[in-house]
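Assemble the dimeric complex from its two separately framed chains, guided by the hints.
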Amino acid sequence: MSGIVCAIRGGASSQPTITQAVHTAQETKLPVYFLYVLNLDFMKRGSHSRTQTISEEMQELGEFILLAAQSQAEQQGVKAEGVIREGHVVGDEIISLCRELKADYVVLGRPKETAEQNVFTHEQLDQFGRHIEQETGAKVIYPAGDE
Amino acid sequence: MNGLIRNPLSGIGYRVSGVGNQITAYRLLLPAFLLLLIWPWAAMDEAQAQETAVAVSPLLTGLIRDTQEQPVFDAHITAFSGKDILAEAVSQEDGRYTLLLVAGDPIPDEISIHVERHHFQAAEYAVNSSAIENLRQSNLLHLPIITLERRITPGFWIATLVFVGMLILIALGKLHNTLAALLGTTLIFAVSYLGPPLYEGLYIFHFEDALRYIDWNVIFLIMGMMIVIAVVERTGVFQWAAYMAYRLSGGRAWLLVIILMIVTGIASAFLDNVTTMLLMTPVTIRIALSLGINPLALLMPEVMASNVVGISTLVGTPTNILIGSYGGIGFNDFLSNLTPGVVLALIGLIVYNLYTYRHDLQAHQSGGGVSDVLLQRLAQKGRITEPDHLIKAGVVGAGMILLFVLGEKVHLLPAVTAVMGATTLLVWIKPDIEEMIEAVDWTTLVFFMTLFISVGAIQEVGLISYIASGIGKLVGDNLTLAMLAVIWLSAILSTVIANIPFTAAMLPVIGFLSVNIPGADSKVLFYCLSIGSAMGGNGSLIGASANMVTAGIAERAGSPITYMYFLKKGFPALIITVGLATIWLFIRF
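Just so you know, the protein sequences line up as chains A and B, in that order.
Residue numbering for the first sequence follows the numbering used here, starting at 1 and increasing by one per position.
Residue numbering for the second sequence follows the numbering used here, starting at 1001 and increasing by one per position.
Just so you know, the hints here were simulated from the structure itself, not pulled from any lab data.
It cannot be assumed that every hint is accurate.
Unchecked claim - Cross-link-like lysine to aspartate or glutamate pairs, in silico, EDC-like; alpha carbons within 16 angstroms at most:
id, chain 1, residue 1, chain 2, residue 2
1, B, K1174, A, D41
2, B, K1381, A, E63
3, A, K102, A, E60
4, A, K102, A, D92
5, B, K1381, A, D41
Okay, chain B solo, but in the shape it has when bound (with noise of 0.2 angstroms):
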């Protein structure tokens, strides 16, 4: 048998020869061999083939924009002569369209173009005389970019109004969060669905387009996160951390106060603020109620440090996880670009707290109130419980924020790190698979994915467009008021507006203002989101879920920490940390 195989690379053929009595089984197998080499590249060549075939037929290619210069995908395309319909097509996620003409058919004399989508108005192009020339010429014709304009539907209205009573169902505690999320995710798709048929104009998306709104890698990051804390924080490293704080302050409750806020931030910095101020706030009280001073002297310094701190990784909090992957920020860019502000509003915190303390801090100088029944009680219980799980946690966790480091050379996804790393902890240390999996708080998961089908329909209606807009005519092409408008206004509307929805909100904006202001391309925008967003979570008690749960904590011990205390208290530190983060911001870009 001799046959003749196509050189995919060359196109020009060989003979493969050899069949006959003689022939050896290594004859047999070089072929087969060099057929598996070959085969991949035979089968692209076909690809090729078919892609020659497509190209006979006459091609009109073009962008489909909005008014903001932002590519619009799912818009309807269609080329008409006359009555006829030429061609269809549907723009992709760049807003890029290809209309495929029929091959062998004449083009005609006159072809416009017809372009629909929802929330959009109608546009219509002509192709002029010359243009249609070149295409029977080429067959290919680049059409000029169609912009479309916004259009105010009861859809918008509705995809508004859901948002914001969300937005005021979380604000006023009516409902749980992720109830709320789903309730306005359920609203929306009930109207979607069951709207259009009274009225086209109800309609917001379809679940498949909402489906594409919802960024995966921020769910697997926290996922694989909540993983590795669930691990930590049965460990009792907290419990020893605080202990270990007392021990070094030596009793001195001012340097006890820098110890714990220290040791708080840099376990926000790591680990996810609610569950660190979980941990941390009821042994900060054991400590506070051995030294006989009034708790909430280190608690509030404690809370505060956390937000602040929380924001020097990619990881401390969901924010600054929504914005990475949002705006492509990696866990170095974090590191390099924030902790030095989060350092320089550390140290303003610290003075702060220290002053506005220094009443509490210096009656317990004076003695009195020391206790040596609660002092060997928080000895016995500040120990690690489970060392051999620290240690294990330890090395995986280090391994994480090595590949966080270094996997961005190689495109490796943080969400992929906190998997792998999750895993790995898992296989080693095999716990009880289910009291881990329970681990995972899937209500904050369900939260997120609600929460991003919410936003999604705000974006799809527009009216993400129309606060860009007018954001972006308040700010002109004025990099410094950008800057100071979305850190201070992100960081005021955070007192008020739970942090979370706000900033996932607020992305597509600040996505807008990087692109056409100049300057705005380093991304300097988005670390004002996560400062604002995060440090105003220090205004008022309902800025920031780990400060509702150091209130609920406290207030079972008997220091209750009222909303016009922490206002008091927190709004201030607000005011010196964003302060002090703002002037790094501006040092930095």
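Pulled out of the complex, with its shape left as it was, chain A reads as follows (with noise of 0.2 angstroms):
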């Protein structure tokens, strides 16, 4: 199995790398898998009692997510599939996605105004992007403008 990977997490800000993506697909060939984070840690000074039910709508809005993706770039000619990994960290979830599917590229972007934590600046992305082509030997490719 082999493919690009590609982790959004929707809005106007994963554009470009959803566009990177695609065009990546449509010069190779190959399919793009979409991957969403589900991350709840923004519950934790809340309250856990509502988890289970707001980790189901968060499902749901990933999934949500990752369909107008796939349907962007199927439009596009380039076969799409979407996957949703729960966990804390984005990078490891890329790693991991990237050994299991054998993935031959990467498209990273940088969503802006967020003080996330698990998202990177541009420093970290270069450092990031050289760690992923380390650990999985995928290629990483950053979108157009982006870097």
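What follows is the structure, encoded as structure tokens:
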């Protein structure tokens, strides 16, 4: 199995990443695996009693975001699938999926305007990109204009 | 056997006769029945007799107050004659006390009353000779009110620092709310118990004293509502309502915003805002993605509506539950005194949001962004998953609202209604009880209990009295000024301070102002606090828990709500909604 892994979170900031993944897929004829990482850390200051209900809702939201990306890719003739993983660190889940799929490419984007800890600054993104290449052998691609 | 039984009412004895072979079962039963009837009266009579015996002892009664004319409980009162102790007493919740002198002992010519209480300066009162003569003649003497002056001790500063520290920890998110409040409570107890052996002034209060500050009405009301909410949230009604909002709007984004704001507002009026937004936010993002519009153009109006409309009922927000319980304000009072103002504020909020997000909404109307695939998926999921539970929850919920409304006539506490409703629902739907017990947010309940103790500590040491006194001096007898001060101060402070601890701390202050400002006995200042603390939550991202939850989910969908973004959109909304609500309060009161 091989393909392109593209982690997304939805919203306008994911659009360049999706576009880059679709372009790469068109060039390489490989399928795209859109990854959404379900992270309920924002609930840690709230109620654990609500976690089950919210987990289901967030799962559905993740599937929705993936469906939107898949739909966009398929409209451009690219085979695409959606993968949801539950985890605290996006990077770990990307590496894990790359290893499982023996991915050829990873498209890494950096959402803007966020203070969240599990996404990257430019420096961290470069560092993480090199780390992925060493760990999985996949080539890391950055969306045009995001570097 | 003949016996004389004393009629407790008349005090006249009457004879019960009849023993003999001819006696029937009827005759045996009759005296027994009569005995049962009169036994409680006889018992009461005995108590009265004891009271009569006690009344022979000379009594000195009085009242202890602080400088704000509030009763002081737990003060230790000693009657002296020279250095001899004549009697001792402790003041009750209403500040009253009774000193009981020894019956038969001669009443001395000199009597002085010494009053001591932690966090107050000791007070002395010398009973004059004519009063002592009266006491000799009537065995009863009503002493004048003794006023205690506050005393600032090291315990005062420690309790204040602990409370402020707790607020800072909560505001900065360094510790979970409950852990911060628990830490504060633990520090207070540690200082209270371990400090006094080193220095007496470190005392704050004891565990037993602390417990009386916990408002169990609030705890049980929240617990009962949590169980009902846990059942409702699993029925899919939120997802269905949001999808129906989309259907009703016919795809018109501006109409969708209005409907979603109304739906969210109504839900928030009966359920807590955090739960409402936890469930509305994901489905709202899905609708926005389906229509190809900016999710924040729907989410921001929704969360603002939740913060505003939540206060229209007693159970809509934790702050209202606190205010209702402390101020004796019932479900009907909130409906009649706040709901019209809330509707006015909501209209203002709708207009504001339609204007603010006009570009996002117009962009949608140009078409293009609508995804049929996503709309199909939305339709699949926008259904009620547990209709049976929803119907039962609806029936029980309607019954609870009826009891909230009518129960006030028979003094049925809202907490009792909530627990009755929750229990009825659990018995009716027979869910996995372990699952339901887990659905109760015990963390929040512990937060409230420890918060009550922390607020109790600053009340005990006198901080609340100083604040109340300061505000009282500022506003004087001017109710208008007091209303403006409370509503706007609480609104602005709620943008930076968590509104639940803020409201809990302000309640005694508002209680004091309500008693001392002419016209404030209508409880209008409590409504001002309700509006300020809730609508103030719209002023910043950290102003309300519902904001944080919405931002957390939105960020995970790639639509982050930054602090500055929320401030920019939310603060004007605060000004508009609080302004309109202020106008309403001036019309109403």
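Assess, step by step, whether the Cα of K1381 of chain B is no farther than 16 angstroms from the Cα of E63 of chain A, and give holds or violated. It holds: about 12 angstroms lies between the C-alpha atoms, which stays within 16 angstroms.
Given the hint that K102 of chain A pairs with E60 of chain A, does the C-alpha gap stay at or below 16 angstroms? Outside the cut-off at roughly 27 angstroms; violated.
Next pair to validate is K1381 of chain B with D41 of chain A; report whether the Cα-Cα distance is within 16 angstroms. The hint is violated at about 25 angstroms.
With the threshold set at 16 angstroms, check whether the alpha-carbon distance from K102 of chain A to D92 of chain A stays at or below it. holds (15 angstroms)
Does K1174 of chain B pair with D41 of chain A here, judged by a C-alpha cut-off of 16 angstroms? holds (14 angstroms)
The structure fails to meet hints 3 and 5 from the earlier list, while all remaining hints are met.
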